[in-house]
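Enquirer: Sequences listed follow chains S and P, in order. Just so you know, we're using full-length UniProt numbering here: the first sequence kicks off at 1 and counts up by one. Just so you know, we're using full-length UniProt numbering here: the second sequence kicks off at 1 and counts up by one.
Hints were generated in silico from the structure; no laboratory data involved. Treat the numbers as computed from the prediction; the structure is a model and nothing was measured. There could be a bad hint or two in this list.
[What the hints assert, rightly or not] Computed list of chain S residues with no C-beta within reach of chain P, every gap over 10 angstroms:
1) L26
2) R58
3) R91
4) P97
5) G225
6) V234
7) H270
8) D329
9) P357
10) R372
11) G374
12) Q495
13) W527
14) R679
15) D721
[Said to hold, decoys possible] Interface residues of chain P toward chain S, partial, derived using beta-carbon atoms under 8 angstroms:
16) L200
17) L204
18) K370
19) K371
20) I553
21) Q556
22) G558
23) S560
24) F590
25) G594
26) R595
[To be verified] Ranges between beta-carbon positions, derived for each pair:
27) P:K426 with S:S65: 17 to 27 angstroms
28) P:P71 with S:A502: 47 to 57 angstroms
29) S:R369 with P:F591: 45 to 55 angstroms
Don't be surprised by glycine CBs; every beta carbon is placed ideally from N, CA and C.
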Amino acid sequence: QLGEMLQLPLVVTAQVDLLLVLVSLLAFWTRLSHLSYPNAVVFDEVYYGQFVSLYMKRVFFIDDSGPPLGHMILAFGAYLGGFDGNFVWNRIGAEYPTTVNVWSLRLLPALCGALCVPLVYLLTLELKFSHLSALGAAVLLLLENSLIVQSRFMLLESVLIFFVLLAFFSYLRFHNAPSSSWSRYIWLILSGVSCGAVVGVKYMGLFSYLLLLVVASLHTWKLIGDKTISHRNVCVQCVHRVLCLVVVPVLLYVFWFYVHLSFLNRSGPHDQLMSSAFQASLQGGLSRITRGQPLEVAYGSQVTLRSSVSQPIPCWLHSHKVNYPIRYDNGRGSSHQQQVTCYPFKDVNNWWIIKDPGRQQLVVDTPPRPVRHGDVIQLVHGMTSRFLNSHDVAAPMSPHTQEVSGYIDFNVSMPAQNLWRVDISNREAESEVWKTILSEVRLVHVNTSAVLKLSGVPLPDWGFRQLEVVADKLFKAHSSSLEWTVEEHRYGTSQEQKEREAELHSPTHIDVDRKISFWAKFVELQWKMLTVKQEESEHKYSSSPLEWITMETNIAYWLHSSTNAQIHLIGNPVSWGVGNLSLLAYQLLAVVYLLRRRRGLKDVPDGVWDQFVCLGCVCVGGWLVNFVPFLLMDKTLFLYHYLPALCYLYLLSPALLEHAHTHLLRYAHQLQHSLTHQRALCVGALAVLLSIFLTYRTFCPLTYGSPELSAHQLQGLKWRDTWDILYRRR
Amino acid sequence: MLVAGLSFSTRLYKLTEPPHVCWDETHFGKMGSYYINRTFFFDVHPPLGKMLIGLAGYMSGYNGTFPFIKPGDKYENQNYWGMRGFCAVLGSFLPIFAYLIVLELSNSCTAAIIAATLLIFDTGCITISQYILLDPILMFFIMAAVLSMVKFNQQRYRSFTASWWFWLVLTGINLAGALGVKFVGLFVIVLVGLNTIGDLWRLLGDMSLSLVDIAKHFLARAFALILLPLILYVTIFAVHFVVLNKSGPGDGFFSSAFQSRLIGNNLHNASMPEYLAFGSTVTIKNLRIAGGYLHSHWHLYPEGVGARQQQVTAYLHKDYNNLWVVHRQQDNNSQSGNPDLVRHGDIVRLEHKETTRNLHSHLHEAPLTKKHFQVTGYGINGTGDANDLWQMEVCGGRKGDPVKVLRSKVRFLHRATGCVLYSSGKTLPKWGWEQIEVTCSPYLKETPSSQWNIEDHINPKLPNISLSVLKPNFLEILLESHIVMFRGNSGLKPKDNEMNSKPWHWPINYQGLRFSGVNATEYRVYLLGNPVVWWINLASLGLYFTMVAVASIATQRGFSLGQQRIEHSLVLVRGGGLLMLGWLLHYAPFFTMGRILYFHHYFPAMLFSSMLTGLTLDILFRSADLLLHPPYSYWFQRTGQLLLLFSILYSFYLFHPLSYGMTGPLAHEPGSAMAGLKWMDSWEF
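This is chain S alone, in the form it adopts within the complex (with noise of 0.2 angstroms):
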């Protein structure tokens, strides 16, 4: 037996698609060459390199733009290319130094886009359609200009694409597998890994995974309605879908804020928007602060306490020696008492010290005294010792709450109504104890059972611009506004006035450590990110959903310091145009065959009716998913929005070409023609695939930023008027 076997020669038979070996290359050249030139910050790198730098220096931040994936893996080239995060990403055009890796940080981008020229070769075949029809999107693909730029530079749309595309192909590549093997189970996983990946780059992402899961559940009631299986083959069948297409995805989505929160641990930028527990749980900034303090609040204690609120921006209630005007500018009179603002800047008079309404002393005893749940308190204001008081006075910006203010006795029968109840909202026992930063309280005032409350409204200049704080009769359960934190905390030591001041203007310290949980950080995290708004306003390069069919508008990357060598982000409009043509094209068509159908003239056979539905199914839904919704969006919008949306077309087109070829041209067998019909879609096909490649070559100036073209030659580029083409005047 083994004499036999060592008689065997040695073999390895591989086979090797040449063709697809030859796209791969030219896809790399196209994507990897020179990609350190331009040595300089181009268009949004500005805006993802703040976030790479952050990642560099482990500091928090929140993006709104989208989840965390695609800012870990710019990160994560620019770890390998030993970016250490010291630079300052400021303007467009801003030179690197040498120290910074400029061809690590575009390469996994630039990877991930030249990847996508293959997998739309794959694609195409796992549609069932021809090699050549493969080549024909891949090539369409490879000599799209603004797909090229977009992916030589450390920007997330390259990514985003090739996630799309994987997940597609290998959800196709296990469905057309035979049912028997195995392995197919390792495409559908990793199709499920791309759409985690897919929705965790950006947002729009989960669009696509919709469309790819409504691909997948019509699979799936085809199987079911497939009555050769068992029901128990069945139902198994349809948990590993579920299972790999809808739990590996969520689980890895938590997984990516698993690895960012785990990763970014020190105090930065957006803490303030974060709650305070949040907060502490961060290296320096809150933590550094409050570290050590005292975790009961009691008796005597001296506390700042901030709104749960933080919009428009967190703040911490503050009373200062100025009272309320007699008189306001409509001609309504309040207290002129004190006034109590919200401020949105630490300050010493944002001190605020817990006393008992029994006793005078403003110390804590030994042991404290803690305060709890029902608890009957009052509040001194630190550095002006006036108390929290609130009284049927109607509030200076919201007439219909009452006024709080800092009580003064003008003897005018105004009698103090300085009690206040505290209420823990977010208590898990009856009797608990009020707890630095922890605990979420809401002060209830004793003779009016109104409620503390940020009105959130600035107030006019005799107010400094502070925020109002009132008191609300009328409330809402579950409004943040009413919500306090204890903040800042230490036990007051000094019963005198002047020792007490010095005492609240020395900086705080102790220790104690404090956790909250994964999921508790995820879910703030996530809520913030989908509720922070920022200003959305004009951008001089931003544009309309409809702009972007026939591409009225470009944006400008980059222009050369001194120079008029600039990168462009302008498409290819001959691929453009045959894009939106075939979009059209396979409309009509699928509208004729339909109307057809139903009246029973079957065109094509079932089995080309299938391959037609599905291509219809992921290129124009592909489209439609990733193009509709910027419709109804309010955000300020680009060209670049528009690039997945448009390599479903390129999909689209060389397969509704080779179609009309195969099926259109020979069932009109009635003509006699029908063989140089198909020569000359032939013809035209390659024809237009010349011209493609020719106004590649004309736009290559503005995609690569070399050679420089002279202002006469920009000019002549400029096919459109509504183009925004730079010159420089020397």
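With chain S fixed as given, assemble chain P onto it according to the hints.
Expert: What follows is chain P alone, placed relative to chain S:
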């Protein structure tokens, strides 16, 4: 009959309470009065609803004199009951329609009764029907359209008979009505459209019909469901424009030509100098639809928005700050005799009359449209710099042509930068008083946004000539008023600090709307659905999905089902599917809307949801024999129905003060009549 009786009695009970203006009555009551007074106004909704309100008021002897200034104003001796009664009567038809629709769809009387009961005893539906609002009228047309569509579907085997035509045409009429009241009516049009497409698809697959037959079917539907509603809709607008022929508060939103139609407007039979001259005081109106007047005021652009100079905006209302004086390049005010005319190509300087600043532009980017340059007011008493000079061009004119007031389209080209004065149509933020941005555009294409006309023209040195402006034709007016309405609709953005209702609040009845009264001493009416009804609806939606999923998987796997079961699943999928589609169409689009939303926007969707509940619960009760044996399953069915009826009635008894008015302390205080009923903390009664 019982349904009708109950429905009318719940809606008409305590109709005249409270005797003051409640909530949006202040708008729609006022607009009803405008019709009676024939005063032109502007509103974001199409006119049919308000016209009907006005008509009802007129018939019941209301004379249109009540001002409807703000909610809470007492009606005193005005005949307001007619308008309220009209809305309430239309609102009373809703349960009846629901009964008939469900009966058609499910062939089950029980299902129909459940649906009608839900609606009759829903406090929200009662409240919204009792006041002068557009919603009862809108819902009436929506339900009527759905009913006639369902009836029409039943006639499918009797094509082209009289009753077939009757229901088809009735559907079309109701569609026009729904769209004529509010643009929300579009959703029911989509519903009917989808249903019709499905119907035509079925016919297409019917091989016994020839293509000519199918074409006939198609044409009949196109006529009755597209052409007829369109004609009716246009007629409504025609009536609107014919009735409202006096100048009123809405004039400034419309173009100069439009205004000249209105009696009392200063452009109606206007008389002013015919040609623009130097030294004239003018107002300049942008030619884009709803373009606004060139405007400036003492306020400056804020820090960080271009140069800190005086704001220049476009403003839709007539105002002294819209006045500009046309000057020569070098000022020589001391000219005597007849002033020179301004001609095509002349260089002018526009001085703002109130603030004496010049219209100015420079190479700073504009506040919103970053591709354009900023336009400001600059200089004092007319002395500025070279950036204040504009070249005046008459569109299609030649050098030397004079500028005709009202009729010439002119453009202002900035001398120094070569850009053209442009109104982008974007609303400035708070610092700009939410007026419209004016920029200087470097793109010189001629669009209405960059064209202006001279509207008012005052020059005492020139003789006034009576001008008859080209009267716009009806289609132009129609188009213009639609564009103005759409602008107005999308301009209703939530303001800061304003409680904005979110669409996900609605099905769970999270928060209502205060119709009248806030404090303990006032008479309070609170728009809130009967929570029991609404939560049953919500649960039924989930139940419906489960039942459909179970039924369709069973069919797809080929389990053998009994005859009755197959019928049930057909009702679920066909009838239920139609209602579900209606619910989705009337609910889902609100998630994408940027405008301000209110709780009452959910009510059309709620009607569909209640009908779906009737259908679903009925089938659920009937399917009891899946689990129980015959006598028990019958008992189960009866008990379920009785329990449902009892809980709806009892909850109505508990919550009826919401609609019929509450006085006394608020619900969270122990002495209140509503004590203990504040089940959700977000309810404000």
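Enquirer: Determine for every hint whether it applies to the structure shown.
Expert: Status of each hint after checking the structure:
At roughly 37 angstroms, the least C-beta separation between S:L26 and chain P is larger than 10 angstroms, which holds for a residue marked as non-interface. Every CB of chain P is more than 10 angstroms from the CB of S:R58 (nearest about 33 angstroms), matching its label as outside the interface. Distance check for S:R91 against chain P: the nearest CB is about 16 angstroms away, which clears 10 angstroms, and the non-interface claim stands. The beta carbon of S:P97 is kept farther than 10 angstroms from every beta carbon of chain P, the shortest such distance being approximately 30 angstroms.
The beta carbon of S:G225 sits about 5 angstroms from the closest Cβ of chain P, which is not more than 10 angstroms, so the claim that it is off the interface is violated. Look at S:V234: its CB is around 8 angstroms from the nearest CB on chain P, not clear of 10 angstroms, so calling it non-interface is violated. For S:H270, the non-interface assignment is confirmed: its Cβ lies about 22 angstroms from the closest Cβ of chain P, beyond the 10 angstroms cut-off. Listed as a non-interface residue, S:D329 keeps its Cβ farther than 10 angstroms from every Cβ of chain P; the least gap is roughly 17 angstroms.
Listed as outside the interface, S:P357 is consistent with that label: its C-beta sits roughly 25 angstroms from the nearest C-beta of chain P, beyond the 10 angstroms cut-off. With a least beta-carbon separation of about 23 angstroms from chain P, S:R372 lies farther than 10 angstroms from that chain, consistent with its non-interface assignment. With a least beta-carbon separation of about 18 angstroms from chain P, S:G374 lies farther than 10 angstroms from that chain, consistent with its non-interface assignment. Every CB of chain P lies more than 10 angstroms from the CB of S:Q495, the least distance being 41 angstroms, so the non-interface label holds.
The Cβ of S:W527 sits about 14 angstroms from the closest Cβ of chain P, beyond the 10 angstroms cut-off, so the non-interface label holds. With a least CB separation of 35 angstroms from chain P, S:R679 remains clear of the 10 angstroms interface cut-off, as annotated. A beta-carbon of chain P is positioned within 10 angstroms of the beta-carbon of S:D721; the least distance is around 8 angstroms. Against a cut-off of 8 angstroms between C-beta atoms, the interface hint on P:L200 is violated, since the closest Cβ of chain S lies about 10 angstroms away.
For P:L204, the interface hint holds, the least distance from its beta-carbon to any beta-carbon of chain S being 5 angstroms, beneath 8 angstroms. Because the closest C-beta pair between P:K370 and chain S is about 5 angstroms apart, less than 8 angstroms, the hint holds. Taking 8 angstroms as the C-beta cut-off, the interface hint given for P:K371 holds, the closest approach to chain S being about 6 angstroms. Annotation: interface hint on P:I553 holds; nearest CB of chain S at approximately 6 angstroms, less than 8 angstroms.
Below 8 angstroms, beta-carbon pairs count as interface contacts, and P:Q556 has one with chain S at about 5 angstroms; its hint therefore holds. Because the smallest distance between the Cβ of P:G558 and any Cβ of chain S comes to about 5 angstroms, under 8 angstroms, the interface hint for this residue holds. The closest approach between the C-beta of P:S560 and any C-beta of chain S is roughly 12 angstroms, which is over the 8 angstroms cut-off, so the hint fails. Given hint, P:F590 at the interface with chain S, is violated; its Cβ is 12 angstroms from that chain's nearest Cβ, farther than 8 angstroms.
A least Cβ separation of about 5 angstroms between P:G594 and chain S falls short of the 8 angstroms threshold, and the interface hint therefore holds. This hint is violated: P:R595 has a C-beta 11 angstroms from the nearest C-beta of chain S, more than the 8 angstroms allowed. One distance hint, 17 to 27 angstroms for the beta-carbon pair P:K426 and S:S65, holds here, with the actual separation near 23 angstroms. At about 56 angstroms, the CB distance of P:P71 to S:A502 agrees with the hint of 47 to 57 angstroms.
At roughly 52 angstroms, the beta-carbon separation of S:R369 and P:F591 lies within the given 45 to 55 angstroms, and the hint holds.
Taken one by one, the earlier hints fail for this structure at numbers 5, 6, 15, 16, 23, 24, 26, listed in ascending order.
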